[in-house]
Amino acid sequence: MTDTQPGRQREAVSNPTRDPMRDGLAAGWKHIDASRLQADTMLEADVVIIGSGAGGGIAAELLSDAGLKVILVEEGPLMTTSDFRMRESEAYPQLYQESAARKTVDKAITILQGRCVGGSTTVNWTSSFRTPPTTLAYWQEALGLRQLSVESMAPWFAAMEDRLGVRPWPVEPNANNGLLAQGAEKVGVPTHVIPRNVRGCWNLGYCGMGCPIGAKQSMLVTSIPAALARGAVLISRLRADRLIFSPQQRIVGLKGLAMQADGVRPSRINVRIRARHFVLAGGAVGSPALLLRSKAPDPHGLLGQRTFLHPTLVSAGVFSQRVDGYAGAPQTIYSDHYLEQFAVDGPLGFKLETPPLHPVLYSTTLQGFGAQHADKMRDFPHAQVLIALVRDGFHPQSLGGRVRLRSDGSPALDYPLNEVFWEAARRALLAMAEIQFAAGAKRVTPVHEGTLGYSSWAEAKRGIADLPLKPLACRIVSAHVMGGCAMGATPERGVVDPRGRHFQIENLTVCDGSLFPTSIGANPQLSIYGLAARNISLLAAELQNRPALAIP
Amino acid sequence: MTAPVIDRRTFLKTGFAGTLLLACVGHVAAASDDEEASMLTAISAALLVGMLSGQPAARTEALSSTVAGVRQAVAGLPPHLQSEIADLFSLLRFSLTRRFLAGVSAPWAEAREEDVAAFLESWRHSRFSLLQTAYGALHDLVLGAWYARPEHWAAIGYPGTPEVF
Chain A
0 MTDTQPGRQR EAVSNPTRDP MRDGLAAGWK HIDASRLQAD TMLEADVVII GSGAGGGIAA
60 ELLSDAGLKV ILVEEGPLMT TSDFRMRESE AYPQLYQESA ARKTVDKAIT ILQGRCVGGS
120 TTVNWTSSFR TPPTTLAYWQ EALGLRQLSV ESMAPWFAAM EDRLGVRPWP VEPNANNGLL
180 AQGAEKVGVP THVIPRNVRG CWNLGYCGMG CPIGAKQSML VTSIPAALAR GAVLISRLRA
240 DRLIFSPQQR IVGLKGLAMQ ADGVRPSRIN VRIRARHFVL AGGAVGSPAL LLRSKAPDPH
300 GLLGQRTFLH PTLVSAGVFS QRVDGYAGAP QTIYSDHYLE QFAVDGPLGF KLETPPLHPV
360 LYSTTLQGFG AQHADKMRDF PHAQVLIALV RDGFHPQSLG GRVRLRSDGS PALDYPLNEV
420 FWEAARRALL AMAEIQFAAG AKRVTPVHEG TLGYSSWAEA KRGIADLPLK PLACRIVSAH
480 VMGGCAMGAT PERGVVDPRG RHFQIENLTV CDGSLFPTSI GANPQLSIYG LAARNISLLA
540 AELQNRPALA IP
Chain B
0 MTAPVIDRRT FLKTGFAGTL LLACVGHVAA ASDDEEASML TAISAALLVG MLSGQPAART
60 EALSSTVAGV RQAVAGLPPH LQSEIADLFS LLRFSLTRRF LAGVSAPWAE AREEDVAAFL
120 ESWRHSRFSL LQTAYGALHD LVLGAWYARP EHWAAIGYPG TPEVF
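These protein sequence lines map, in sequence, to chains A and B. Each residue of the first sequence is one higher than the one before, starting from 0 at the first, in numbering that gives the first Met the number 0. Each residue of the second sequence is one higher than the one before, starting from 0 at the first, in numbering that gives the first Met the number 0.
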C-alpha cells in the first residue's frame with residue numbers, strides 16, 4: 000500500500016514512538032481520570048483552567064511556568080500518541096464532541112470539534128495561519144479593539160510559531176492539494192502553501208484521528224506535557240458543570256461532574272475545585288454554555304450570541320488518475336482569492352482548502368444512497384474534494400448563531416442560514432467546480448441532495464445557478480467554532496475586554512476561540528495560540544504581583 | 000426555509016404519542032428489539048444497494064454487523080441525541096406510524112426493497128424538515144457503520160491505513 004502514498008518522505012525523525020505524555024505519566028506527572036474516582040473530591044489550586052485545547056493548553060504552560068499551581072480540567076479522555084491507530088471508528092467516538100455528529104439545532108450544519116486532552120488541536124488538520132490583517136483591521140476600526148494590530152500581535156504569533164514548529168509545508172503537496180493548485184492556476188487564481196504545526200511529519204494523512212507519531216505539535220505533545228512537568232495537575236473526563244459565585248460575583252469554585260468511562264453520561268461523583276483565578280477555555284460552544292448554566296452576569300445580553308462557524312461548502316471531483324485523498328498531509332494548499340474579492344463587510348468571501356478523504360467522513364458527507372452512492376464510493380481513490388470556508392460575522396446581516404441551553408443543561412447552537420450566506424454559497428460551489436474542471440476533473444458533484452453532478456464546466460455553471468440552496472438539501476459543515484464570549488472595547492460591546500478578562504467577573508479570563516468578535520477568516524488555531532500567549536502573559540504577571548507588562 | 004416546520008417539540012410529542020399508542024395496544028415487549036432489528040436491517044439494505052453482496056449468507060452477515068455498528072454508534076452519542084434517535088426508531092418500528100409516515104405497508108421483515116428505498120427517497124426530499132433530518136440520521140448512521148469496517152474497504156479501492164511501525 001505504500002505505493003499509493005504520494006510523497007511519503009521522512010524528515011529527520013528522532014524517536015518514532017515518542018509519546019511524551021505516556022513517558023511523563025510513568026515518571027510521576029499528575030493525572031486524575033475522573034471516571035475512576037470512587038468518592039467526591041475537593042481540590043485547590045491558584046488557577047483552574049477549564050478546557051485543554053489551544054487556549055487551555057497554552058494557558059497551562061505559561062501559568063505553570065510562572066510558578067503558579069494549575070489544575071487543567073478536560074471533559075474528554077486522555078488518549079496519547081500510542082493510542083492513535085488511524086481508525087475513524089475509534090477516533091470519532093473517542094476524540095470528538097458528540098462522536099463527530101454535533102449539529103446545529105436545525106441539523107443543517109455538522110460540526111467537527113475535539114473533545115479529548117488537547118481538544119481540537121489533537122484532531123485538527125494542522126493548518127496554522129496568523130489572524131489575517133483584514134480581520135485585525137476590522138476589529139480595530141469597526142469594533143474599537145485598537146490594541147489588536149498586526150504589529151502588536153506579530154511577536155506573539157512568532158513566539159507560538161516557534162514553539163509549535165509552524166512553517167510552510169516544505170514537501171510536495173499530495174494530489175488532492177496539488178489539483179487545487181493546478182486548477183486554480185489555470186483559472187488565474189493564486190494559491191499558496193499552508194503553514195503547518197508539525198515536526199518530523201511523515202506525511203501520512205491521518206491528522207484527524209490523532210497523530211500516531213507525535214509529529215503534530217498539538218497541545219497534547221507540547222504545552223500540556225510542559226505544564227505537567229512543572230507540577231500542573233490534569234483531570235480528564237471531568238465535565239465543568241457550574242461555576243460557583245460569591246455574593247460579590249467572584250468565582251469561588253468550579254463544580255465538576257465526573258463522566259463515566261464511555262464519556263456519555265456523568266457518574267454520580269462530583270469534584271469541587273477552589274482557586275483564586277479561573278481560565279475558561281472550553282471552546283466556543285462549551286465556554287458560553289458553562290457561563291449560561293452558572294447564571295453568570297450578562298447585563299447586555301451578549302453571552303452566547305454571535306457564534307461563528309465558517310460555514311463550509313463541499314465539492315467532489317472525480318479524476319481519471321488516482322488522487323488518494325487519504326494519503327499525505329491533508330491541508331497544504333489554500334487560496335484566499337475569493338476572500339479578497341470584496342470588502343470584508345461586503346458579500347461574504349470564502350477561503351478555499353481541501354479536506355482529507357476517509358471512508359466514513361466521505362461516505363456520510365456524500366449525498367444520496369443505494370446504487371448512486373455506491374457508484375460514487377467506487378471512485379473513492381479518484382476523488383478530489385475542495386471545501387469553501389465562508390467568512391461569517393463581518394457583513395451587517397451575517398450575525399452568526401447563538402448558544403443556548405437544552406433542558407438537560409447541554410449546549411445547543413442555533414445558526415440560521417440566511418440569503419446573505421446562500422448567495423456566497425452559490426459563488427463558492429461555482430468557483431470550486433470551475434477549478435476542479437480546470438484541473439481535469441471528469442465529473443464534479445457539489446454536495447447537495449439535488450444533483451448527481453456535472454460532466455463539464457458549462458453544464459455545472461448552468462446546474463449550480465439553478466440549484467435550490469437551502470438547509471438540509473445543501474450540505475454545510477464546520478470545523479471552526481468561534482465567538483459567544485466576544486471581546487469588546489466596552490462592557491456594552493463584549494463579554495470580555497481585549498485581554499480576555501470578563502467585564503463583570505473579576506477573577507475570570509476567557510481564553511479560547513469564543514473570544515473572537517467575528518470569525519477569523521482562516522483556520523483559527525494560531526489565532527487562539529497567539530491571543531492566549533498574550534493574554535495569559537498579562538495574567539501571569541498580575542497573579543504574581545509583578546509589574547504589568549508594557550504591551551498595548 | 001422549508002415549508003411547514005415541525006419542530007423538535009412536535010417530533011417528541013409525535014414520538015411520545017407513538018410510544019403511548021404502542022403501550023395501549025399492548026405490544027411493547029413483542030415489538031421491541033426484534034422489530035427494531037428488522038427495521039434497521041431493511042433500511043440498511045436499501046441504503047446499501049450496490050455495495051451489498053448478492054450471496055445470501057454474506058449479505059445477512061454484512062447487514063447484521065451494520066445494524067450492530069449503528070447501535071454501537073447510537074450508544075456513544077450524547078443523551079439528547081440518543082433520545083431523538085430512540086423516538087425515530089419507535090416511530091419507524093410501530094406499524095401505524097410506519098405506514099402513515101414512511102408509507103411502508105408490510106412489516107419490515109417482509110418489506111420490499113423498492114418500497115423502503117421509496118420511503119427513504121421521499122424523506123430525503125420531504126418538505127418537512129423533520130423527515131429530512133430523520134433521513135439524514137439514517138443515512139449517516141448506516142453508511143458510517145458500513146464504511147467504518149475494514150472488510151468493506153477493498154470494494155472502494157481504499158488500501159486501508161498505512162503500516163506505521
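Think of the hints as simulated: they come from the structure by calculation, not from any bench. Heads up, a few of these hints could be off.
Unchecked claim - Straight-line C-alpha distance at most 20 Å; calculated SDA-like pairs for lysine to any residue:
hint, chain 1, residue 1, chain 2, residue 2
1, A, Lys106, B, Pro78
2, A, Lys469, B, Ser121
3, A, Lys106, B, Gly156
4, A, Lys441, B, Pro78
5, A, Lys254, A, Lys441
This structure is a prediction, so every number in the text was calculated from the model and none was measured.
Hints, one by one, checked against the model:
no., hint, in the structure
1, A:Lys106 with B:Pro78, "holds (16 Å)"
2, A:Lys469 with B:Ser121, "holds (17 Å)"
3, A:Lys106 with B:Gly156, "violated (31 Å)"
4, A:Lys441 with B:Pro78, "violated (44 Å)"
5, A:Lys254 with A:Lys441, "violated (56 Å)"
The structure does not agree with the numbered hints 3, 4, 5 stated previously, though it agrees with the rest.
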